[in-house]
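Asker: Since the structure of chain A is already known, use the hints to place chain B on it.
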Amino acid sequence: MPVASSYFLQDRIMSGPSDYQPSHPVLKWIERRLPILGLMHSSFVAYPTPRNLNYWWTFGAILSFMLAIQIVTGIVLAMHYTPHADLAFRSVELIVRDVNYGWLLRNMHAVGASMFFLAVYIHMFRGLYYGSYKEPREVLWILGVIIYLLMMATGFMGYVLPWGQMSFWGATVITNLFSAVPFFGEDIVTLLWGGYSVGNPTLNRFFSLHYLLPFLIAGVVVLHVWALHVAGQNNPAGVEAKTEKDTVPFTPYATIKDLFGASCFAILYAYFIFYMPNYLGEADNYIPANPGVTPPHIVPEWYYLPFYAILRSIPNKLAGVVAMFGAIIVLVFLPWLDSARTRSSKYRPLAKQFFWIFVAVCVLLGYLGAQPAEGIYVIAGRILTFCYFAYFLIVLPLLARIEKPRPVPNSIADDVLAKTGSKATPMVSTVIALAVAGALFAGSTDSARASERVDTPPAVKWSFAGPFGTFDRGALQRGLKVYKEVCANCHGLSYIAFRNLADQGGPGYSTAQVNALAAEYKVKDGPNDQGEMFERPGRAADYFPSPFPNEQMARAANGGAAPPDLSLITKARSYKRGFPTFIFDFFSNYQEQGPDYLAALLVGFEDEPPAGATIPEGSYYNKYFPGHAIKMPRPLSDGQVTYDDGSPTTVEQYAKDVTAFLMWAAEPHMEARKRLGFQVFVVLLLLSSLLYFTKKKVWAGAH
Amino acid sequence: MTTASSAEQPTRRDFLYVATGAVAAVGAVATAWPFISQMNPDASTVAAGAPIEVDLSPIAEGQDIKVFWRGKPIFISHRTKKQIEEARAVQVSSLPDPQPDDARVKSGHEQWLVVIGICTHLGCIPIAHEGAYDGFFCPCHGSVYDTSGRIRQGPAPANLPVPPYQFVSDTKIQIG
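Protein chains in written order, with the working numbering: chain A, 1 to 703; chain B, 1 to 176.
Keep in mind that the hints are not guaranteed to be accurate.
To be verified - Partial list, computed: chain A residues near chain B (C-beta under 8 Å):
#1 Val96
#2 Asp98
#3 Pro633
#4 Phe693
To be verified - As a list, the in silico DSBU-like pairs of lysine-lysine whose alpha-carbon atoms are at most 30 Å apart:
#5 B/Lys72 - B/Lys82
#6 B/Lys66 - B/Lys106
#7 B/Lys72 - A/Lys524
#8 B/Lys172 - A/Lys522
#9 B/Lys81 - B/Lys66
#10 A/Lys631 - A/Lys484
#11 A/Lys419 - A/Lys484
#12 A/Lys404 - A/Lys242
#13 A/Lys404 - A/Lys419
#14 A/Lys317 - A/Lys242
#15 B/Lys81 - A/Lys524
#16 A/Lys522 - B/Lys66
#17 B/Lys72 - A/Lys522
#18 A/Lys419 - A/Lys697
#19 B/Lys172 - B/Lys81
#20 A/Lys522 - A/Lys576
#21 A/Lys697 - A/Lys245
#22 B/Lys66 - A/Lys524
What the hints assert, rightly or not - Residues of chain B placed beyond 10 Å of chain A at every Cβ, according to the derived structure:
#23 Val23
#24 Val26
#25 Thr45
#26 Gly62
#27 Glu85
#28 Glu86
#29 Pro100
#30 Thr120
#31 Gln153
#32 Phe167
In case anyone wonders, no lab produced these hints; they're calculated from the structure. Cβ coordinates follow ideal geometry from the N, Cα and C atoms, glycine included.
Okay, chain A solo, but in the shape it has when bound:
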């Protein structure tokens, strides 16, 4: 029946020119020459949409919204970004620190990528559950797979652009996938890199392609929507619209519903942007790319983890790569692998169960993708990889032959009339499953971190924690003093300019105090008219000078380990949170792993290593440092720095103060972020509730 009935809508929508006639003479004049208004009208106003669509169908609109956000924020970020291996990392940091609302735009774009993938996964699972890939929507589905592939490529290249450690090593690992190609592998990889390793040419071409691909995506989205409008939308009942009673016009019914859905989605999006901007990211990516050191656990972004798990579970290089790409390509053949005539899993008792098992398999694969590839994880990975492919290649073809589906409703109108309370059950289970899935995916990256760290840093009560947290000015000023008198002997603070000390939300110095402080420093400038470099007193616009002119000298002077720059240290360090802690972190808004670790590290020195621990010559024992052997000697001792405000001059106090100062240094606009976040939440909650009632009013006439 689907075959015959599907052409009903097509006849109505596509046959002949639109009957839309603008009334204004100017619009009439244009319409006669370019019938664009009629096209818009028939596509987005009169277009008949099944009246039984549920909220999972709003994700198409949400995805369009996310694509638009990504393109607009991306174009804006590209105005400030420098695609050069030596400058990219710093340029991203300067966007966040100096560009007006740069922190907001960057968070929107980085979190937006995750939200885009979250929405696309929900959209794909919805298509899978309701059989939206079946005739006559095969091309529509395949176009969707192409969009998904393009999104993966775009997301990957975008992640490389900040040129942090994960960017660099992600680029290395993913491009090396192509070295598995027989005979030409190495040549292909060299071609991709534009060199003999990942380097500046690679970064430049990735930037170019990262700018191009979203527009290709937009183009394929147009085809996707076109194909959708030819076949008409699928619906939860999986029966085609037959009469006018089965459909409602797109505007206002679907429009208002989509707006409400998008507004609710924006609340989640805003929560990440303003309150958990680094939750979905990797601490290691706040360390500038270093071609000589691979991070101990490299993991891709959460949305690639299931495929990464499949790659690692196959012990053969070429076979692993083939399996990984195969896991996506198999989707293209889905319309022919599943030849069952009933579309919606609502009426397929077995397919419904296998669907949820498949969702669980994907989530677990994602979890495994973030775990170290060893022991039980490898075995579990192999079993789940088998399950993943078995779903497409064995279960679905088999079910089509043996499953006896329940009868489907005669029409969409019948489906709407027959609707009872029983519908709530699958909705709830879906929501729970997806919430667990999302949380597992999202946090599984955290759990991949340095498993050798046994001592968990104690959680400090920070004034800057939580949605309304602010910096303690006194602590920041004391912390600056500790930095200047102790840390600055070895560690730079090169992203902080003296002027920042007078910025709002910072230590709260006056401009005059900042000028005086800057003048204490000697800054190298030049060349002068004689062509010579010279030293002059620092100005507010200068950055904190680094103690060593280059990394080699820093290394040589410190027993072979270069002291890291401290500007980003509280974001670049973290420790394992594990399951299920990272899920609770999402709700408790905990994101102080870095400060907790740093404050613990500074007090975690022990003169005598515990029995059994051997510390090499020139290293020191620290309870919290991964591996325990740190090259930095105990930096702080009681009474070392004098405080003017009567605060205790203890190591514990110093550690907390300097950590608070460095937290501010890592994110000078934190207070602005949380303040604006609150305002955005008020508006979004208000808008969502208004849209909800508007939607109810609009739909009141349709039922």
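Answerer: Positioned in the frame of chain A, the structure of chain B alone reads:
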């Protein structure tokens, strides 16, 4: 609901639609602001535009130098007696952009002319010691400025602007 009734008597439904639309519109405008604001100079650019000091002692009479402040060329001319007299001899009301010379220099430092060296026509950089008035000549479209940097001929509408500056000593100025 008919059009007539909604026009005469606002209903709850109308209010809901208007309120929703209004909140959405406010949200859209507020969202647009960061995207516009980011185009303005960022904090480092603003900070780098701080005042600069220039030592005048190496500049001989009749010589001029060019320094950069906020990315703009600043001409500093050590004017000769003759140039000063030329600048003061002209009848101010006859000028396209009337301004006496003593309004363009600091009193007691009449030999120093400090102007932003950007032609007020379309932004080219004029050449010093050229043109019919012993001042500046813009090669792009032929504007001619006198020894006080005032427009005398050509398409430029205004005199070369004087940047904010002050003498910190007899031989040192601070621009900005």
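Asker: Hints first: check each against the structure and report whether it holds.
Answerer: Each hint tested on the structure:
Against a cut-off of 8 Å between C-beta atoms, the interface hint on A/Val96 is violated, since the closest Cβ of chain B lies about 11 Å away. For A/Asp98, the interface hint holds, the least distance from its beta-carbon to any beta-carbon of chain B being 4 Å, beneath 8 Å. Violation of the interface hint for A/Pro633 is found here, the shortest Cβ-Cβ separation to chain B being roughly 35 Å, above the 8 Å cut-off. The beta carbon of A/Phe693 is positioned within 8 Å of a beta carbon in chain B (closest approach about 6 Å), and the interface hint is therefore held.
Straight-line distance between C-alpha atoms of B/Lys72 and B/Lys82 comes to about 28 Å, which keeps the hinted pair within the 30 Å bound. For the hint pairing B/Lys66 with B/Lys106, the CA-to-CA distance comes to about 19 Å; that is within 30 Å, so the pair holds. Taken as a hint, the B/Lys72 and A/Lys524 pair is honoured in the structure, with Cα atoms around 23 Å apart against an allowance of 30 Å. Using a Cα cut-off of 30 Å, the hinted pair B/Lys172 and A/Lys522 holds, with the two alpha carbons roughly 22 Å apart.
For a cut-off of 30 Å, the pair hint linking B/Lys81 to B/Lys66 stands: about 21 Å separates their Cα positions. About 20 Å separates the Cα atoms of A/Lys631 and A/Lys484, which keeps this hinted pair within 30 Å; it holds. For the hint linking A/Lys419 to A/Lys484, the alpha-carbon distance of about 69 Å lies beyond 30 Å, and the restraint is violated. In summary, the hint linking A/Lys404 to A/Lys242 is supported, as the alpha carbons are separated by about 25 Å, within the 30 Å threshold.
For the proposed pair A/Lys404 and A/Lys419, the alpha carbon gap of about 22 Å is at most 30 Å, so the pair holds. At roughly 52 Å between alpha-carbon atoms, A/Lys317 and A/Lys242 are farther apart than 30 Å, so this suggested pair is violated. At roughly 40 Å between alpha-carbon atoms, B/Lys81 and A/Lys524 are farther apart than 30 Å, so this suggested pair is violated. Taking the CA atoms of A/Lys522 and B/Lys66, the gap is near 27 Å; set against the 30 Å cutoff, the hint holds.
Between B/Lys72 and A/Lys522 the CA atoms are separated by roughly 27 Å; this keeps the pair inside 30 Å, and the hint holds. Distance check on the hinted pair: A/Lys419 and A/Lys697 sit about 20 Å apart at the alpha-carbon level, within 30 Å; holds. Between B/Lys172 and B/Lys81 the CA atoms are separated by roughly 20 Å; this keeps the pair inside 30 Å, and the hint holds. With a CA separation close to 41 Å, the supplied pair A/Lys522 and A/Lys576 exceeds the 30 Å bound.
Of the pairs offered as hints, the one joining A/Lys697 and A/Lys245 holds, with about 19 Å between alpha carbons and a cut-off of 30 Å not exceeded. Simply put, B/Lys66 and A/Lys524 have alpha-carbon atoms about 23 Å apart, close enough for the 30 Å limit, and the pair holds. Against the 10 Å criterion, B/Val23 falls within the reach of chain A, whose nearest CB is about 5 Å from its own CB. In this structure B/Val26 is not separated from chain A by more than 10 Å, as the shortest Cβ-Cβ distance comes to only about 7 Å.
Separation of B/Thr45 from chain A is inadequate, the least Cβ-Cβ distance of about 8 Å not exceeding the 10 Å criterion. With a minimum CB-CB distance of about 19 Å to chain A, B/Gly62 clears the 10 Å threshold, and the non-interface call stands. Annotated as non-interface, B/Glu85 keeps its C-beta farther than 10 Å from every C-beta of chain A; the closest such distance is 31 Å. Once the 10 Å rule is applied to beta carbons, B/Glu86 is consistent with being away from chain A; the minimum gap is 30 Å.
Non-interface status of B/Pro100 relative to chain A is upheld: no Cβ of that chain comes within 10 Å, the nearest being about 34 Å off. With a cut of 10 Å on Cβ distances, B/Thr120 stays outside the contact zone with chain A, its closest approach being about 29 Å. No Cβ of chain A comes within 10 Å of the Cβ of B/Gln153; the nearest lies about 34 Å off, and the non-interface call holds. No beta-carbon of chain A is positioned within 10 Å of the beta-carbon of B/Phe167; the least distance is around 21 Å.
Of the numbered hints listed earlier, those contradicted by the structure are 1, 3, 11, 14, 15, 20, 23, 24 and 25.
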